[in-house]
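Can you make the complete structure from the sequences, with help from the hints?
Chain order of the listed sequences is E and X.
Going by our numbering, the first sequence opens with residue 930, and the numbers climb by one from there.
Going by our numbering, the second sequence opens with residue 29, and the numbers climb by one from there.
For the record, the hints were derived by calculation from the structure and aren't laboratory data.
Ideal Cβ placement from N, Cα and C applies to all residues, glycine included.
Heads up, a few of these hints could be off.
Pairwise CB distance ranges (calculated) [to be verified]:
1. GLY1107(E) <-> VAL455(X): 54 to 64 Å
2. GLU1194(E) <-> GLU458(X): 18 to 28 Å
3. GLU1194(E) <-> PRO474(X): 39 to 49 Å
4. THR1378(E) <-> VAL455(X): 51 to 61 Å
5. ALA1244(E) <-> GLU398(X): 41 to 51 Å
6. ALA1244(E) <-> ASP319(X): 57 to 67 Å
7. VAL455(X) <-> ARG1219(E): 29 to 39 Å
Covered stretches of chain X (chain E as the covering partner; in silico rule of three or more C-beta atoms under 8 Å from a C-beta of chain E) [as the list claims (entries may be wrong)]:
8. 428-436
9. 446-460
10. 464-470
Below are the chains, spelled out letter by letter.
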Amino acid sequence: MVDITVPALGESVSEATVGSWKKAPGDRVERDEVIVELETDKVSVEVSALESGVLSDILVGEGETVEVGAVLGRIGSGAPASAGQDRTSAPSQWSQTQTKEERSPAASQPTGSDSTMDIKVPAMGESVTEGTLATWLVKPGQFVSQDDPVAEIETDKVAIEVPAPSSGTISELVVQEGETVEIGTIIARLGEGGSAAKAAPAAPAASPPPPPQPAPSSNGGQASAAVSPAVRRVTTEAGVSPSDISGSGRDGRVTKGDALKYVNEGGASAPAPARAEAPPAREPRNLGPREERVRMTRLRQTIARRLKEAQDTAAMLTTFNDVDMSAVMKMRKDYKDVFEKKHGVRLGFMSFFVKSCVAALKEIPNVNAEIDGTDIIYKNYYNGVAVGTDKGLVVPVVRDADTMTLAEIEADIARLGEMARDGKLSMEDLQGGTFTISNGGVYGSLMSTPILNPPQSGVLGMHRIEQRPVVIDGKVEVRPMMYLALSYDHRIVDGKEAVTFLVRVKEALEDPERMLLDV
Amino acid sequence: MSDTFDVVIIGAGPGGYNCAIRCGQLGLKTAIIEKRKTLGGTCLNVGCIPSKAMLHASEIYAAARTEFADLGVEMSGVKLNLKQMMKQKADAVDGLTQGVAFLMKKNKVTVFSGTGRIDGPGRVVVKGADGEQVLNAKNIVIATGSEPASLPGIEIDEKRIVSSTGALSLEGVPRRLMVIGAGVIGLELGSVWGRLGSEVTVVEYLPRILPGADMEIARQSQRIFTKQGMTFKLSTKVTGIKKGSSGLTVSMKPSDGGAAEEVETDIVLVAIGRRPYTEGLGLESVGITPDKRGVIPNDHMRTSADGVWVIGDVTSGPMLAHKAEDEGAACAELIAGKAGHVDLGKIPGVVYTSPEIAWVGKTEEELKEEGRAYKVGKFPFSANSRARTNHQTDGLVKIIADAETDEILGAHMVGVGVGEMIAEICVAMEFGASSEDIARTSHAHPTMTEAVRQAAMGVEGWTMQM
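Here it is, written out as structure tokens:
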């Protein structure tokens, strides 16, 4: 009997949603055959069979959320008993190792004493060692079921939910919101009822975890043990969290008056920016005829939240210019064949834009910087390019673009674009961007106002190239023109800087020799 | 002999002795001076405690005579044994004053028997039976309390013209008792003697009883007391008392002018209030000047003199034992460098009549005067199931909350046991609770406390059981 476990998910993400089972119980499976597909925040992962055999059990249904290492199903008899010396695929090997570890009794015990269990920061990807504890989703004294999210940790790229390792009552929150946490940091302790094995996989064998549900009403009471009944009623009806309200009562307690004021002012007094997600207690609305309800993928949910966060946080606005593409097009036409022959990659427009943006960023460093609290962080490296995929927008990162040749840039973009479309990007590929170039032109866009990719402060929008009459030296000429848009965070970038940036990009593209001469 | 203390407290009433206990708990070397033979002050010796002993006993006597039959309990020959009633009262007082003495010992407080006098900064002189003694004090707490106030031209002899003290020790049940002053003490002691058989007439200068209580509650209470046989002469001013050989003739006239009249009675209880007691205290030696009513002003219990503190009846605020207790404890904490605080706006007031009257916070009249927008919820005990089964349907609960925030601003009740029930509101108000908080808190059924919840619901218009 061999367990099918959740692999490392590109060694980046801690949990995933079961997308679809490719096999039914009783089906014959061959080694390395795909059995189930998982969806994560960023990528889809296929889980393959470690051994040949018959799929005997499916333990986790489609749509359910699973942690790395969780047992998804089992493959029964028919498998050769040989030890897996020849397993080569990295994820499979990794998951097999995990499985062994989790089966050992020591690993199944709670890490704390008998009655309490530590909740730790899970692995967040190879390059990510720390994050910020953004939001507590639970309070001390609250009962949580296994796998319920207890906290949200923000890393550079994504928000990761930390699931409860077991059912129990939260006895202590060790870390405050806003604190920086590292992988393995104990963020909370779980008491009583936490006697179940720490390893998530053990429980589902007996009873699969229930599908995620909106907070059940019975939990509502427990969740707010320290909140007065009237405050509980007001906040529940308004779909806001009492913890966001600053209290005027004894020892800072929230009174009904505080809650009413908060709700009436639209939560304006909230210390934290309002979350873009639906209010937690909202009932799903009834479907009308000819309507269909489909759950958002995690990727889509993440995109939705991040885009909204960008709008809520930055003072975003967009400035425009246009560029005469004649020079770049001519250069491309002249050297296209020889370039491809020599470098093995097509010469596209993208590399010109990357180069010209790097030059402009060097001149206007604020566009390449980020705001961190009350500080500005300037970056002496230049990364970034957005690629649309059929699953949504992802932004893989071209690293150290300032040190690359046009050919290297083109090759890197081609590689990343392909991986994005295949859903094979790892977290590593998505992190560390400083500036984004978004090419809506490939879809025919005339003009757009791109949205910032936080914590970046600038995003360049490229658009379609179109033959347009322009006046040059008093004469009307037809030129291949493109509109350029720069959305920027006005908190850090001044209007003059933003306009100058676009002008520099325009100048470099209209007169590529400038790039060569660095002027 | 001279001794140095961290704290010397003058007066061992509820303010003083609780201050002493708290000082002891906080590790301060503490002395307390009391001129009575027993500790406990007015409250334990001649106030709250003996009056409650008499109220309880007389209430049961009255119930046995007038209420038992309705409940199906028949008895004949119910007789008053006033001597025994007085004895059980004295037993209760003795037990409790000894309890205070024990608490002083337990908390290592040195008790000095005698009259305390401040003799300049940091010095207190105790004049006892065996001479004077000087105590050096880093802190002095004035807790000398109050004494009954009298009317000009009327001398209290504690025989026929009595204060609350004398009224608790009458040798027999007077046929007629006249109470001057329809405040807490007058109503309580008038009730005692009324139940024991006296014809009670209450004369009040103001056009209402219980000045300071919510008007609606005062009116309801007056109706209930009238039903019980008490006679009220409101807006009436007593101008003099003539002592005759067999009785007293009290002259009075309407307070807004009009024809005078004379009323015969056997005993007069003067219960027009109390005044701060500072006689011979030596305040001038530390430069403290009481205001014209004799009140020593305070700022968080500090007087104008360094190291001299004041708590209880002798300073501003309601003259209530529990207010003095709270200030005593808070004062000890402040002396010890901690954070003591008393919110005078959240001190409950209780009248231990039958039924009881209790309130905390603002009255409707006060809120109207402030121009504050408020909402009111009420619930009568006649609609409360427990009150009905107990034949105790007199009275109501009234809760007042801010019109906007719903914060509870005051609660006013009259009914059996409301003196206990008011505590719920006090806790709620300390936490800034709204009426809805109480309305959404479970109250056991069937209890009188359900009326509190229903009244709270009424604030926002969703009283369910009426």
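Need the list of violated hint numbers for this structure, in ascending order.
Of the numbered hints, 1, 7 do not hold.
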